[in-house]
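Hey, can you work out the whole structure from these sequences and the hints?
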Amino acid sequence: MWAQCTTAGIELVADLAGFAREHGLVFYDAPVLGTRRPAEAGRLTVLAAGPEDGRETITPVFDAVGARTVWTGEDGAAGSASRLKLVANSWALAVTAATGEVLALAKGLGVDPQSFFDLIGGGPLDMGYLRAKSALVLDGQLTPASFAVATAEKDARLVVRAGERSGVRLDVAVAVAERFAPGRRPGACRRGPGRGLLRRLRRAAGRAAGPPPGLHVTFRAPGRTPRKKGEEAPE
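Counting from 1, one number per residue, gives the positions in the sequence shown under full-length UniProt numbering.
Rather than coming from a laboratory, the hints here were simulated on the basis of the structure.
On a predicted model such as this, the values are computed, not experimentally measured, just so you know.
Yeah, the Cβ is synthetic: ideal placement off N, Cα and C, and Gly gets one too.
You may find that some hints are simply not true.
Unchecked claim - Label pairs and their computed distance ranges (CB to CB): (1) W91 x L138: 21 to 27 Å; (2) V111 x V26: 52 to 58 Å; (3) E74 x V137: 37 to 43 Å.
Structure representation (structure tokens):
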């Protein structure tokens with residue numbers, strides 16, 4: 001059984017599912033939604049798609065890292081979970097970029113940001129995400145970063161690619177991806193997000209008998225100590 005939990009994009013999910021079939025693995029498409037702090041607290045949201053008859057086995061793994069699991073279908077290869085993740089990422093990236101710009105514009109125009117928050121408070125334009133991210137910026141709590149710029153750019157480009165594939169124009173996503181580009185490492189995201197992962201998995205599979213070693217991941221819930229090999233689980 002293999003649950004892929006990265007934001008891989010629609011095309012790569014299909015390739016990873018094919019790789020899983022080649023090695024006799026039941027495949028679950030299970031990207032997670034959340035940043036560093038929710039991850040450390042085991043409060044991520046897991047978006048999952050895969051066979052119903054294996055969910056009793058895989059659910060405890062998801063529960064160890066997430067506060068909620070949203071099931072989107074029974075065919076992991078179809079990528080319904082990754083599709084929903086791209087939609088959610090499109091929204092999160094757009095709001096993050098808009099938050100940065102509204103604070104920058106307020107500063108440039110000599111407007112107290114609090115007056116803006118008072119203006120939208122309690123109305124349809126108000127939102128908790130805006131206030132949470134704004135508080136971090138205004139309080140100077142920018143380190144450690146909750147999400148890498150290079151990863152945000154990769155996610156934005158996956159959104160753009162999905163839009164192009166579907167014939168949907170996504171001007172905001174394109175602008176967000178370009179805005180994040182200066183922060184990436186040289187050469188990052190230029191060969192197609194995630195393709196290197198598939199190449200590494202195939203190389204690992206060629207060196208090993210049975211399922212490749214890179215596919216076995218141990219999940220540890222926050223506050224729990226992993227058991228040593230051969231050690232029995234506590235009662």
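Of the hints given before, which are not true for this structure?
-> Failing hints: none at all.
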